[in-house]
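Residues 1041 to 1341 (this note's numbering) make up the sequence shown, in order.
One thing to keep in mind: the hints can contain errors.
To be verified - DEER-style ranges, computed between Cβ atoms: (1) G1079 - Y1105: 17 to 27 Å; (2) S1316 - E1141: 28 to 38 Å; (3) E1271 - K1306: 15 to 25 Å; (4) E1328 - G1079: 37 to 47 Å; (5) D1320 - N1200: 51 to 61 Å; (6) V1246 - T1133: 27 to 37 Å; (7) P1305 - P1136: 15 to 25 Å; (8) H1084 - Y1325: 44 to 54 Å; (9) F1197 - F1129: 26 to 36 Å; (10) G1209 - K1154: 17 to 27 Å; (11) H1084 - Q1173: 25 to 35 Å; (12) G1207 - H1339: 56 to 66 Å.
No lab work stands behind these hints, which were simulated from the structure alone. Here the structure is a predicted model, which means the values were calculated and not measured. Cβ atoms here follow ideal geometry from the backbone N, Cα and C, with glycine treated the same way.
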Amino acid sequence: MMDSTGARMSVAAEVPAPYGPGSTALNRPTSDAAGKPVGRIRTHHLQQAKDNGERFAMLTAYDQYMAEIFDEAGIDVLLVGDSASNNVFGNETSLPITVDELLPLCRAVARSAKRALVVADLPFGSYEVSPQQAVATGIRFLKEGLAHAVKIEGGSFYANSVRSMVGAGIPVIAHIGFTPQSEHALGGYRVQGRGDDGQRLIDDAVALTEAGAFCILMEMVSSATAAAVDEAIPVPTIGIGAGNSTTGQVLVWQDMAGLRKGKMPKFVKQYADMRSSLSDIAKAYGQEVRAGQFPGPEHCF
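Start from the sequences and build out the full structure, keeping to the hints where you can.
So this is what it looks like as structure tokens:
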């Protein structure tokens, strides 16, 4: 979809009649007139979005209620990220989380989302040893975690792992640019793909696409390089701090909704102040309990 200037429009900006001409899984309503969910988003629907000049939205989710809310709101892809390490389990980084910790979160999201494509991160240490290890871990996330696809971090070095997983029937998103699992090797949180480094990311994206990745996710990549990557490969791209030329965008939901405190990365837009709202609610509850106002007669048997 293009506007009069030739720029791509949001999928939500133009919604054709359900199941009518031009209708796709991404731009039709999330439920029919009876309230029944409309179809599952599949990998080929994301490809259609790129082919048609549409865009899709992706958020992290780690539990039943967030999965339900985001799914019903029309978010197209839910990522059960290894970011649960520092957004659920209280770790400083994503490195400590294990497969066994992430699998139950993945199951909860997959059981609760009726429309969205559910993608699971493969945690640090669960795929780097060999393509065989990557396949074994990917199988666990599809079998035990009920995920529809997995995501791994790394460049062309992991092309053989991607090829092996895809060959085993595991859809893969490849994550390049700043890869949080490699933050120590990268020297901390630094923008990738600037200047001459841009060609490296283009080469990584091409190699991973040729290996069978159905999407390339770019994190903290210069806008110019992200646009060049998107132009160089036929599959959809997803950005987080990678400008506005990608097919999809992803954010950690606690950042997006203002639940997490502290300084936010430049690429985060906060759409609410959920932390303050929940704090006010909890204070009101505590005050009513201490004052003997709750429970009132209407709450008693």
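### Query
Does the Cβ-Cβ separation between E1271 and K1306 fall within 15 to 25 Å?
holds, 24 Å
### Query
Does 56 to 66 Å hold as the CB distance between G1207 and H1339, or does it fail?
Since G1207 and H1339 have Cβ atoms about 58 Å apart, the given range 56 to 66 Å holds.
### Query
Does the Cβ-Cβ separation between E1328 and G1079 fall within 37 to 47 Å?
holds, 44 Å
### Task
For G1079 and Y1105, compare the CB-CB distance with the range 17 to 27 Å and indicate the outcome.
Holds, at about 23 Å.
### Message
The hint says 44 to 54 Å between H1084 and Y1325; measuring C-beta to C-beta, is that right?
### Response
holds, 47 Å
### Query
Per the hint of 26 to 36 Å, is the separation of the Cβ atoms of F1197 and F1129 within bounds?
For F1129 against F1197, whose Cβ atoms are near 28 Å apart, the range 26 to 36 Å holds.
### Task
Take a look at whether the Cβ-Cβ distance between G1209 and K1154 falls inside 17 to 27 Å.
23 Å Cβ-Cβ, so the 17 to 27 Å window holds.
### Message
Please check whether D1320 and N1200 have a Cβ separation lying inside 51 to 61 Å.
### Response
Given range 51 to 61 Å: holds, Cβ gap about 52 Å.
#### Entry: Hint check for T1133 and V1246 - Cβ pair distance inside 27 to 37 Å
holds, 29 Å
#### Entry: Distance restraint evaluation - H1084, Q1173, Cβ atoms, bounds 25 to 35 Å
For Q1173 against H1084, whose Cβ atoms are near 28 Å apart, the range 25 to 35 Å holds.
### Query
Can the suggested window of 15 to 25 Å be confirmed for the beta-carbon pair P1305 and P1136?
holds, 21 Å
### Supplied distance hint 28 to 38 Å, evaluated on CB atoms of S1316 and E1141
With Cβ atoms ~29 Å apart, the hint holds.
Hint violations for this structure: none, all hints satisfied.
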